[in-house]
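Peer 1: Each chain, written out:
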Amino acid sequence: MELTDLTIHEMAQQLREGEISAVALTQACLERIDVTDTHLNAFISVCRDEALAAAHQADERLAQARLAQENAPMLTGIPVALKDLFVTTGVRTTCASKMLADFIPPYDGTVVRKLKEQGAVIVGKLNMDEFAMGSTSESSAYGAVHNPWDVNKVSGGSSGGSAACVAARQVPASLGTDSGGSIRQPASHCGVVGLKPTYGRVSRSGVVAFASSLDQVGPLTRNVRDCAIMLQAIAGYDLADSTSVDIPVPDYLAGLEEGVAGKKIGLPQEYFIPGLDPEIKQAVENVVETYRSLGAEVVEVSLPHTKYAVSCYYLVATAEASSNMARYDGVRFGARVDPGKGLVEMYTATRSQGFGAEVKRRIILGTFALSSGYYDAYYLKAQKVRTLIRQDFLAAFNEVDYILTPVAPTPAFALGDKTTDPLLMYLSDIFTLSANLAGICGLSLPCGRSSAGLPIGVQLLGKPFDEAGLLRTAYACEQTGAWHKAKPEL
Amino acid sequence: MREKITREEVQQVARLARLEFSPAEADLLTAQLDAILVRVEHLNELDTTTVEPTAHAVPLENVFRADEVMPSLGVEQALCNAPLQAQDCFAVPKVIE
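First to last, the sequence lines map onto chains A and B.
For the first sequence, position 187 matches number 187 in the working numbering, and the numbering has no gaps at all.
For the second sequence, position 68 matches number 68 in the working numbering, and the numbering has no gaps at all.
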């Protein structure tokens with residue numbers, strides 16, 4: 001077994017005991033990246049020197065802890081990678097856009113700071129859809145991310161690099177962001193675990209914003225226990241994020257193995273639509289049987305406003321995005337294109353050349369939805385429908401503890417398949433978007449393989465701030481199978 | 001059926017958003033946005049007259065802190081990515097003729 005095949009849990013144990021060194025572990029990851037990333041394009045930047053320096057420091061810290069007979073934090077010496085919208089001091093942060101091609105942040109975001117304080121080794125910055133707008137990681141200015149299970153297929157998006165790097169065992173964990181499914185869907189397509197915490201659970205300070213009321217930071221890992229370890233490291237109130245919620249962070253590992261006996265799981269009838277791939281439907285039905293055999297009750301629930309979710313999302317998210325994208329004007333940071341005809345021309349030229357097509361499309365749609373004369377009909381209407389969608393979930397959670405759904409209507413499709421029809425692309429987000437609109441937590445768990453050899457994931461949705469329950473429920477199903485041990489051939 | 005968005009509206013919104021498109025780009029964009037707006041039309045099937053809009057999924061109100069000075073970036077760091085700087089400021093093309 002290679003060092004890169006170890007789980008975080010195993011790495012942490014061996015690092016603490018001094019059986020392996022953080023430097024050796026980081027070097028193994030860097031070698032694996034060298035060998036595999038030409039096929040995957042998961043990384044935009046690899047921070048070789050910084051990572052090895054951090055690994056040296058981690059080894060010293062671990063040695064001191066052993067002498068003092070104490071435990072260093074669990075993440076000390078663990079290599080991780082970050083979606084390239086987490087601001088990192090001195091390390092280029094591009095958001096996969098030409099607009100930020102040379103942007104070197106002068107500070108670390110809160111979550112990055114937390115990881116560094118706990119001794120994690122940041123190995124590099126990961127490829128994604130530009131400014132997190134997309135579902136396939138094809139809209140990157142640095143080329144698409146390829147799926148480790150079939151390099152002709154998409155990795156999913158927008159956190160495609162985050163999912164691919166973990167699936168390919170380049171690193172044992174990554175961070176992504178999820179505004180409409182951007183952690184859960186690529187996790188499903190790449191056969192890894194992906195968690196979107198409840199809105200407000202993890203700080204967004206230092207995370208480049210796409211849609212401020214929808215964005216949430218979360219981990220991608222190969223298994224549920226590792227996911228719990230990562231969430232523990234990053235969750236918590238942050239003064240610098242006025243949307244973070246000041247409630248205590250529970251111990252996500254305690255009770256992980258408690259099981260699901262007596263729990264109620266809901267299957268929303270509206271999610272099992274004609275367009276759902278039959279192999280995915282079967283995989284989800286197998287999970288239902290597994291939960292029943294583990295002592296959970298699985299019942300039908302209704303989320304009546306499901307069919308309006310895509311429309312609602314693509315008005316709310318694009319409106320918020322158009323506002324967030326306004327800061328890219330060539331004045332204070334990022335690209336500047338100055339045709340010499342004045343300030344407004346500078347703004348226009350900078351933005352037109354700096355942004356890719358999908359970003360521009362969403363800015364126009366969002367600006368239109370917010371514009372005078374259309375605001376009530378589009379943006380305000382969508383915000384009211386958002387209330388109805390949220391109420392659907394809160395009502396369902398009065399009946400059941402968790403909700404079980406597919407993650408995507410099809411397994412990963414071929415690169416280039418949907419790039420000419422944005423609407424078709426948007427419709428593929430149908431199962432994941434509602435969780436962001438409602439603010440609840442959701443997790444994608446590998447549960448099957450298509451006949452073409454592509455991963456299939458199942459989604460678990462939980463009540464606000466019940467990540468502990470969600471992880472416990474996912475763990476119970478995971479442990480009955482071996483999907484978390486599967487390794488793609490590269 | 002009346003189109004949901006015209007090429008003129010796209011160009012006007014583009015001006016608001018400080019973006020410019022070639023005629024071909026504008027045509028494609030108009031068609032794509034029209035298709036999306038046709039799709040979202042079904043939101044009008046729902047009666048939302050008594051429904052409050054949700055701006056934030058988590059009920060937070062009046063998030064304040066004490067008005068105390070805390071460390072901040074500093075001029076040098078704040079200017080470190082400036083495309084053009086002068087006299088400790090961001091330099092831009094002339095605003096007023």
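Keep in mind that a hint or two might mislead.
To be verified - In silico DSS-like links for lysine-lysine, alpha-carbon gap of 25 Å or less:
1) A:Lys-384 / B:Lys-94
2) B:Lys-94 / A:Lys-341
3) A:Lys-418 / B:Lys-4
Just so you know, these hints were derived from the structure itself, not from any lab.
Peer 1: Could you run down the list of hints and mark each one as holding or not?
Peer 2: Going through the hints against the structure:
| no. | hint | verdict |
| --- | --- | --- |
| 1 | A:Lys-384 / B:Lys-94 | 43 Å, violated |
| 2 | B:Lys-94 / A:Lys-341 | 9 Å, holds |
| 3 | A:Lys-418 / B:Lys-4 | 23 Å, holds |
Violated hints amount to a single one, hint 1; each of the other numbered hints is respected by the structure.
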